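Visitor: This is what each chain is made of:
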Amino acid sequence: MTELILQAIYSGLLQGGSYALIALGLAVVFGTMKVINLAHGELVLLAAYVAYAVESAFEVSPIVAIPVALLVVCVSAVLVYFLVDRIQKDRELNSLILTYGIGVMLTNAVLLIWKADIRSTKSAWLQDAVVIGPFYSMRSELGFFVLSLVLMGLLWWWLSKSWYGRAVRAVASNRDAAKLMGINPRTTEIVSFVVAGILAAFAGVALYSYGVIQPPLGHALTVKAFIITVLAGVGSIPGVLAGALLLGVVEALTVTLLSSALQEIAGMGLFLLVLFLMPNGLFGTVARRG
Amino acid sequence: MKNIRNHLAAIIVAGTAFGVVPAHAEEFLVGSEVPLTGTLARVGTGMKEGIEVAADVFNRRNGKHKVKIVTVDDESSPAKAVAAVEKLASQGVVALTGGYGSNNIGPASDAANKANLVYMTSGGVDENLSQRGYKTFFRINNTAGYSTAMVGLLADMGAKSVSIVTSTKEAPADLAKDVEKILKAKGIKVVVHSFDPAITDFKPIINKVKLQDKSEIIAMVGYENDYVGIIRAAKVLKPEVKAMVGVWSLATAKMASDFPDLMPNVYGTALLPYPAEFKTAEGKEFAETYKKLFNKEPDYLGQFGYVQSMLLFEAIARAADAGTLKTGGLPAELRKSDKETLIGRVKFDDKGDNPFFSHRMGQHQSGKVAVVWPKDSATGKMNFPAVPW
Amino acid sequence: MNARSVAILLALVGMYIAVPLLLGPNLYVMSLLVASIAIGGVALAWALLGNLGGMVSFGHAAFFGVGSYVSALLSMKLGVPVFAAMFLGGVGAAVASIAMLPTLRLKGPYFALAILAYAQIFRILATEWKSVTGGSGGLSSIPRLPEIAGFDFGSKVGNYLVIVTIVLIFALIYERIRASHYGIALRAMHDSEDATRIVGVNSTFLKAMMLFVSAFMTGVVGAFNAHYINFLEPDYGFSGLWSTIPIVAAIFGGYRTILGPVIGAVFVYLIDQLVFKSYIPSGHQIMLGALLAGMVLFSPTGLLPWIVEKFKRSRHAAA
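Residue numbers (this note's numbering), protein chains in the order written: chain A, 15 to 304; chain D, 1132 to 1520; chain R, -17 to 301.
Among the hints, erroneous ones may be present.
No farther apart than 30 Å at their CA atoms in a straight line, the calculated lysine-lysine pairs in the DSBU-like style are these [to be verified]:
hint: 1; chain 1: R; residue 1: LYS112; chain 2: D; residue 2: LYS1422
hint: 2; chain 1: D; residue 1: LYS1427; chain 2: A; residue 2: LYS136
hint: 3; chain 1: R; residue 1: LYS259; chain 2: D; residue 2: LYS1197
hint: 4; chain 1: R; residue 1: LYS259; chain 2: D; residue 2: LYS1308
hint: 5; chain 1: D; residue 1: LYS1422; chain 2: A; residue 2: LYS136
hint: 6; chain 1: D; residue 1: LYS1366; chain 2: D; residue 2: LYS1308
hint: 7; chain 1: D; residue 1: LYS1482; chain 2: A; residue 2: LYS136
hint: 8; chain 1: D; residue 1: LYS1427; chain 2: R; residue 2: LYS259
hint: 9; chain 1: D; residue 1: LYS1482; chain 2: R; residue 2: LYS59
hint: 10; chain 1: D; residue 1: LYS1315; chain 2: R; residue 2: LYS112
hint: 11; chain 1: D; residue 1: LYS1423; chain 2: R; residue 2: LYS259
hint: 12; chain 1: D; residue 1: LYS1266; chain 2: D; residue 2: LYS1199
hint: 13; chain 1: D; residue 1: LYS1315; chain 2: A; residue 2: LYS129
hint: 14; chain 1: A; residue 1: LYS129; chain 2: D; residue 2: LYS1415
Chain D stretches covered by chain R per the calculated footprint, using a threshold of three residues with CB under 8 Å from any CB of chain R [to be verified]:
hint: 15; region: 1164 to 1174
hint: 16; region: 1213 to 1221
hint: 17; region: 1230 to 1239
hint: 18; region: 1256 to 1268
hint: 19; region: 1296 to 1309
Restraint ranges, calculated between C-beta atoms of paired labels, are given here [to be verified]:
hint: 20; chain 1: R; residue 1: ARG295; chain 2: D; residue 2: ASN1247; range: 34 to 44 Å
hint: 21; chain 1: A; residue 1: LEU194; chain 2: R; residue 2: SER(-13); range: 51 to 61 Å
hint: 22; chain 1: R; residue 1: ALA(-15); chain 2: A; residue 2: LEU291; range: 52 to 62 Å
hint: 23; chain 1: R; residue 1: ILE253; chain 2: D; residue 2: LYS1410; range: 47 to 57 Å
hint: 24; chain 1: A; residue 1: LEU291; chain 2: R; residue 2: ILE155; range: 49 to 59 Å
hint: 25; chain 1: A; residue 1: MET195; chain 2: R; residue 2: SER(-13); range: 52 to 62 Å
hint: 26; chain 1: D; residue 1: GLU1258; chain 2: A; residue 2: PRO148; range: 41 to 51 Å
hint: 27; chain 1: D; residue 1: GLY1460; chain 2: A; residue 2: ASP131; range: 36 to 46 Å
hint: 28; chain 1: A; residue 1: VAL78; chain 2: R; residue 2: LYS59; range: 39 to 49 Å
hint: 29; chain 1: A; residue 1: LEU291; chain 2: R; residue 2: ILE(-10); range: 46 to 56 Å
Source of the hints: derived by calculation from the structure; they are not laboratory data.
Quantities reported herein were computed from a predicted structural model and do not represent experimental measurements.
Quick reminder that beta carbons are idealized off the backbone N, C-alpha and C, glycines included.
Chain A extracted, bound-state conformation (with noise of 0.2 Å):
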């Protein structure tokens, strides 16, 4: 039993950590915008596909891809943001169902493109297991792991020390502060969408090295990265990596002691309570009642 446990927390943290890349993106742009792109999971598809028509092209590793997939996706983010940008009025509500509609557009593209079938790595090195004592776990699940916790501490470390990151935290705190300090929101703003395309790109072609894709996914991913980001609370990078940490690790539990059929349930009845009893989240400083 024991060994069971160990080898669920090690995958839920595993899990975990890509699930964080994925919601940081999301944070970021809620920090500084206060608006919840729905068609961040659509772009972490798009890099997962990008991965794939390269790797399937030229048959390369998914790896070699990351560059394209960052151009690709993170002028696609910036293209969202002029997008919202453009809101006039009621822009909270009316950012949903716009980055929807971009949702659903994006959705469709990719099924229009790159047809309804599965698509994954061919790649077996990626594959390979990884033993390390009792934990057992891809290559590319423990590789992607440690290349998301290094993205996260450049982001941690580039927010807290570089202007732009300090401009970028500034305007999430507080928007006319900031613009009284003679920071242009606009340009933290498209900053803070290139963070969001940067780290969906990697997360997506993490997602097509270890995962299966499929035009469908991306509302799903979509939803798993706003829980995390209401487990975190709003405003902090350690608190999005536990949150999402906590995810994976709760839901590979449930496997373990319950039934892999009641996984989803899982996390949204850890989503709920955490909603209901700590309403600024496990490490939030921003209040959520009404």
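Given chain A's structure and the hints, the job is docking chains D and R onto it.
Guide: This is chains D and R only, laid out in the frame that chain A set:
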């Protein structure tokens, strides 16, 4: 006198060969309601290809009658499936072929029955579909055929314990329940792990199989993405099982070429070996037409779509000849069908079910798929015990 | 008789007499109408919650699914007459919404996603509670609408008349609530929740009432759909599409108006099925996405207010 008749026949044959259509030739519209978008887009597209191949072959072979397919996407939604059937009915189709998912087929075949149109499918295996007493409902496959094949293979292996890993979606859950019941009745130890279709990491489940169940066989009931996830998890954890057995969408050419390192020794239902060795003239014609139209190897979805549609077209032709097509004679004509097809013998009972349907089991062997069960249609020897790792 | 009542009378005549007479024989178009008006009903319920309660929900599928299951099971297992079962389906959805009361304290997107979580949980419960719901295999041969006094409500035209009537009744209820002092209090609440508290209105109670009403309406439409389609499974009854398409329709038609959501639903559904689908047979929803995005950007108040605006302007110009 005899000579003249021969000459006449020759002229008529020559005439048709040059595309001169005899005056009494009629083109029949046949409706096809299939999912081309939404969750069932993949399987729906596969079936549609088979339907188009059937129409192409039929039109070439049958000089007298022609069929024309009108396709409407049901978007994997019951309400749109109903609307699709009604749209096709209003366009004057003589029958319908297509349908995927019992949840869509149910209401769609209801609508077809109301319009007095034959509904022919291979996409829904739910028991209830054929229990409604409709004269117009026909299908060439059912759950029993799949569970017989899976259980038959497991029995040949002499399995004493089986872990069933199954999706909670309708068709897999149904089949898994069937298989569990039959195996238990045979005194085989069975543990069932059902999973939510949204799950992506199967390691926690496979680890339970490895450390708790310690079963000899993992039986997978799900869809392509589930199989890939399960086999990958098993490759990492390497449970001490003797075989990985699945059902539909697994022992296919597509899986062999897309996931070459995952598939070795994996079992799944397969009508034909791959590369396809079509022995009959009809099989050869099917494969050639398929390659011509879609530039790829035919898969099982195409084969089912082809068989169901060809049976339907032939019955339409017979009914037209007998003059009963317009007076509702098509169901009766279909019930007269008794034919050896690409999927085996097909004959419909009064509920529209095909009691002769029994699937075969194939195994991925060095990049190919060999049929290994039942023994009399086997094209290769079963590698057992053997797993992909 | 003023212009307004003439317009209403004409609309009623059109809906109850002209449509069945002219389009009745065309089952395909009638099917599209029935499906789109049902979505319109959900959209109206969604807009009621958004407009009066100030809450944006992403999980109306929860109410839709509960309503459809309650009604289907009551009529199949206990033999409850279909129309009564449909009403009880709505009641069931309202009862289910009691579980959601804690969400009322949450702000905007948090409320939206909390309701979505409920919809997911209900879906999985319906899948796992096999002894009652039939599990993922679902329920088949759900009784159709009955024949009463020689008129077959189960026919296409019958189904159409039933759903049109249901949605009209809902619109009337909505209108009454909005005009009542509850409605005034609710709208005051939008401007300042503190202000209403001072005047002595219990805002959480009012919001809860709106949640019940919205859940009830959605549940009844779900129940209707179950008896119309005659099949039900968890993935279908609790499908996310029952949450998203009505939102699209409501925003498109103008969610601040009462009939905007219904008109939006019919318009979006018909243009998608009749126009977009004929140009892009698979993947036509890409056009729907574009339409939605364009609407938000260029006419954020929705289709109906936009048309009214145009109409007024042209009248001004004429005068």
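Visitor: Does each hint fit the structure? Answer for all of them.
Guide: Going through the hints against the structure:
At most 30 Å may separate the alpha-carbon atoms for a hinted pair to count; LYS112/R and LYS1422/D exceed this at roughly 44 Å. Distance restraint check for LYS1427/D and LYS136/A: the Cα-Cα separation of roughly 19 Å lies within the 30 Å cut-off, and the hinted pair is therefore satisfied. Our distance criterion of 30 Å between C-alpha atoms is met by LYS259/R and LYS1197/D, whose separation comes to about 27 Å. A threshold of 30 Å between alpha carbons decides the hint, and for LYS259/R with LYS1308/D the separation of about 39 Å lies outside it, so the pair is violated.
In summary, the hint linking LYS1422/D to LYS136/A is supported, as the alpha carbons are separated by about 25 Å, within the 30 Å threshold. A threshold of 30 Å between alpha carbons decides the hint, and for LYS1366/D with LYS1308/D the separation of about 26 Å falls inside it, so the pair holds. Proximity of LYS1482/D to LYS136/A is assessed by CA-CA distance (about 45 Å); at most 30 Å being required, the pair is judged violated. Distance restraint check for LYS1427/D and LYS259/R: the Cα-Cα separation of roughly 27 Å lies within the 30 Å cut-off, and the hinted pair is therefore satisfied.
With a C-alpha separation of about 25 Å, the suggested pair LYS1482/D and LYS59/R falls inside the 30 Å cut-off, and the hint holds. Restraint check: the Cα-Cα separation between LYS1315/D and LYS112/R comes to about 20 Å, which is no more than 30 Å; the hinted pair holds. Distance hint between LYS1423/D and LYS259/R is fulfilled; the C-alpha atoms sit about 27 Å from each other, no more than 30 Å. Distance check on the hinted pair: LYS1266/D and LYS1199/D sit about 24 Å apart at the alpha-carbon level, within 30 Å; holds.
Of the pairs offered as hints, the one joining LYS1315/D and LYS129/A is violated, with about 41 Å between alpha carbons and a cut-off of 30 Å exceeded. Proposed proximity of LYS129/A and LYS1415/D is supported: the alpha carbons are some 27 Å apart, at most 30 Å. Here's how the region 1164 to 1174 of chain D fares: 3 of its residues keep a CB closer than 8 Å to some CB of chain R, so the rule of at least three is met and the hint holds. For the region 1213 to 1221 of chain D, the assignment as covered by chain R holds, since 6 residues bring a beta-carbon within under 8 Å of that chain's beta-carbons and 3 suffice.
Requiring three or more residues with a Cβ within less than 8 Å of a Cβ of chain R, the coverage given for the region 1230 to 1239 of chain D holds, as 4 such residues are present. Under a criterion of three residues with beta carbons nearer than 8 Å to beta carbons of chain R, the stated coverage of the region 1256 to 1268 of chain D is upheld, 4 such residues being counted. With 5 residues having a Cβ less than 8 Å from any Cβ of chain R, the region 1296 to 1309 of chain D passes the three-residue criterion, so the hint holds. Range check, ARG295/R to ASN1247/D: about 52 Å between beta-carbon atoms, so the 34 to 44 Å window is missed.
The hinted range of 51 to 61 Å is satisfied by LEU194/A and SER(-13)/R, whose Cβ atoms lie roughly 56 Å apart. Checked against the hint of 52 to 62 Å, the pair ALA(-15)/R and LEU291/A passes, with Cβ atoms roughly 55 Å apart. Between ILE253/R and LYS1410/D, the C-beta spacing of about 51 Å keeps the proposed range 47 to 57 Å intact. Remark: the range hint 49 to 59 Å for LEU291/A to ILE155/R is contradicted by a beta-carbon distance near 35 Å.
Our hint of 52 to 62 Å for MET195/A and SER(-13)/R holds, since their Cβ atoms are close to 59 Å apart. The given range of 41 to 51 Å is respected by GLU1258/D and PRO148/A, whose C-beta atoms sit roughly 44 Å from each other. Checking the proposed 36 to 46 Å range against GLY1460/D and ASP131/A shows it holds: the Cβ atoms sit about 40 Å from each other. A hinted range of 39 to 49 Å for the beta carbons of VAL78/A and LYS59/R is inconsistent with their spacing of about 58 Å.
Separation of LEU291/A from ILE(-10)/R is about 50 Å and conforms to the stated range, judged on CB atoms against 46 to 56 Å.
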